[in-house]
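As a plain string of letters, each chain reads:
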Amino acid sequence: MRSIRIGAGAGFAGDRIEPAVELVERGELDYLCFECLAERTIALAQLARRHDPSAGYDPRLARRMRAVLGPAMARGVRIVSNMGAANPLAAMNAALDVAREMGLGGIRMAAVLGDDVLTSIVGEDHPLIDREGSLADLQPISANAYLGAFPIARALAEGAQVIFTGRVCDPALFLAPMIHAFGWAEDDWTRLARGTVVGHLLECAGQLTGGYFADPGYNDVPGLARLGFPLAEVGEDGNAVLTKVAGTGGQLTLANAREQAMYEILDPARYLQADVVADFTTLQLAQAGPDRIAVSGVTGHPRPETLKVSVGYEDGFVGEGQIAYAGPGAAARGQLALDIVAERLALLGLPLDEVRYDLIGVNSANVTGRAPDPAEVRARVAARCADRAIAAEIGAEVEALYLNGPSGGGGVTTTLREVVAVASILIGRETVTPSIVHGVS
Amino acid sequence: MQLRDLAHARTGDKGDTSQICVFVRDAAQFARLERLLSAERVAAHLATLRPLRIERFVLPNLGAVNFVLHGVLSGGVTRSLALDAHGKTLGAQLLDMEIDDA
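Just so you know, the sequences run in chain order A and B. The number in my numbering is simply the position in the first sequence, starting from 1, with 41 added. The number in my numbering is simply the position in the second sequence, starting from 1, with 596 added.
Just so you know, the hints here were simulated from the structure itself, not pulled from any lab data. Where is the CB? At the ideal position from N, CA and C, for every residue including glycine. There may be inaccurate statements among the hints.
[Claimed, not checked] According to the in silico footprint, chain A covers these stretches of chain B (three or more CB under 8 Å from chain A):
(1) 607-619
(2) 634-648
(3) 655-666
Please model the complete structure; the sequences and the hints are all you need to start from.
Right, here's the structure in full:
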């Protein structure tokens, strides 16, 4: 049976650079995919593009391309990435510039466009799908539909060696090479589902090969400082073996693969993607050798008639302040500090939309309601409001605790940030028309 | 004995929803894990989280019980005021649940 080898070069925008180089040089890859586009990143990128029409793509694109383009092209490894963010065309042009700088002429690149649906949803109303409310309540600055794998597969069929997309379903970056290599049909639900699950397993890169797993004494993982990123050998039936380059750090055991398989899966029988609905209740994972996991058995159902759209919108400002207390009674003094700030904010009558009070070390992340007396705490106050200057008052009130608050406070930090939030809606898939632009270095 | 001795967990998020999947370490113990982890017990352990709704999915093929907790992330990672806006630490907190030694 024919098979192809697909590597995961990054699992988020800030991911390490060297593991992708290692995969290209020693992974015998056919394709290398980089998933670099978190939900909110595209909204921030849209803002960047507004200020500069040639911006709006991943700021680490040039650095990643400089590292992998030479060895990838020398070995015939084709690259797919969503580093195009809010501007795939500019991303392609930037990568072409990198190729030319490096003396790599004749490389064919492509940008997949069409995910930006802001102009077509303006004035429409849609219920939000991930919380209460509707589109009409928001002031959208971006709206990007999650495209599927077929436009990317088309770019591959048209000869592109390096492809940049904007918003696509993350697994679609990996599914596209399978569709291209094996000629899968748009209604081959079983294979599309299998390829989607393989893509889902790969999309977070090191989170499959031992990252995000270590718990000393319980789950020990070797070599996290030189973690190897995963690759899949995928057969034309869509079943696959996951592995990593020999000698790299990390591990690929059943436990790692199971955790990543279920990562961010809500109803496991209905994993909704643009191209297919995958059923994880039929997924089989088996250890097939050291650092080798066999993936099989996934079933699929027809794709949804709607596409998910991420809508970015401005959501005011968040001001924050923190102050530390240590020694006996640290938690009590921290709590007193919070109470004082709460009273001050009431006295000042600031128009705040939401305020949050945390004792870091007691209850900032801990939701069990249990907390043994800590040796140190940080009292934290954060608030959201429409006005920047008012948000800045939060940090100022925490800082004033130095001279006006409980005994022994130290290490104040204050921050102020503009919030771009994201909500999701569904639109009919017929409203989206992907297109492809090609370029040559 | 703690749940941590029997299982490991990973947490993810979608909008205002947190997803915690708990995996048995030894396949022979799966029926026990499934019996121990009711939606009510999970909600009671994460005492101050107060989800609007909990869904529970059992996956014998992965030795897993998946919990979907709605309305627990203060509007979701992009607007939450929480330090752990993703709720990434929730799964680990579940693992300190005290369970019978049997």
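Quiz item: Among all the numbered hints in the text so far, which are the ones the structure does not match?
Solution: none
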